[in-house]
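One point on numbering: in our numbering, the residue at position 57 of the sequence shown is 57, and numbering is uninterrupted.
What the hints contain is simulated information worked out from the structure, not anything from laboratory work.
Mixed in with the good hints there might be a few duds.
[As the list claims (entries may be wrong)] Across the chosen pairs, the derived CB separations fall in these ranges: (1) Ser23 to Gln63: 18 to 24 Å; (2) Leu50 to Gly13: 18 to 24 Å; (3) Asp17 to Pro39: 31 to 37 Å; (4) Arg60 to Arg35: 26 to 32 Å; (5) Gln63 to Asp37: 40 to 46 Å; (6) Gly41 to His64: 35 to 41 Å; (7) His38 to Arg16: 33 to 39 Å; (8) Leu53 to Asn14: 19 to 25 Å; (9) Asp17 to Asp37: 29 to 35 Å; (10) Ala31 to Trp56: 31 to 37 Å; (11) Gln63 to Arg35: 34 to 40 Å; (12) His38 to Lys61: 20 to 26 Å; (13) Gly30 to Lys61: 21 to 27 Å; (14) His38 to Arg15: 32 to 38 Å.
Glycine included, every Cβ here is placed at the ideal spot set by N, Cα and C.
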Amino acid sequence: MAPTAAVSRFYVGNRRDGSRLLSSALVITGAGLIRLDHPIGRAIALVAGLLSLYWWLCYRKLQH
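Let the hints inform the model, and build the full structure from the sequences given.
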């Protein structure tokens, strides 16, 4: 088993791809926050924000 398999099954195994995932989720969160007045905007901001938090926690555990 790879050493990064302990991080998460649903996350990438290197920091370069992890940073791409995290930045994409943060951009989507920002787009949802722009339309916070609409229910779909709130849902997108909530889901993408939680995904960003999860991916950030996984990113911190990567070694390289």
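Quick rundown of the hints versus the structure:
no., hint, in the structure
1, Ser23 to Gln63: 18 to 24 Å, "holds, 20 Å"
2, Leu50 to Gly13: 18 to 24 Å, "holds, 22 Å"
3, Asp17 to Pro39: 31 to 37 Å, "holds, 32 Å"
4, Arg60 to Arg35: 26 to 32 Å, "holds, 30 Å"
5, Gln63 to Asp37: 40 to 46 Å, "holds, 42 Å"
6, Gly41 to His64: 35 to 41 Å, "holds, 37 Å"
7, His38 to Arg16: 33 to 39 Å, "holds, 34 Å"
8, Leu53 to Asn14: 19 to 25 Å, "holds, 20 Å"
9, Asp17 to Asp37: 29 to 35 Å, "holds, 34 Å"
10, Ala31 to Trp56: 31 to 37 Å, "violated, 18 Å"
11, Gln63 to Arg35: 34 to 40 Å, "holds, 38 Å"
12, His38 to Lys61: 20 to 26 Å, "violated, 35 Å"
13, Gly30 to Lys61: 21 to 27 Å, "holds, 25 Å"
14, His38 to Arg15: 32 to 38 Å, "holds, 35 Å"
In terms of the numbered hints stated before, the structure departs from hints 10, 12, listed from lowest to highest.
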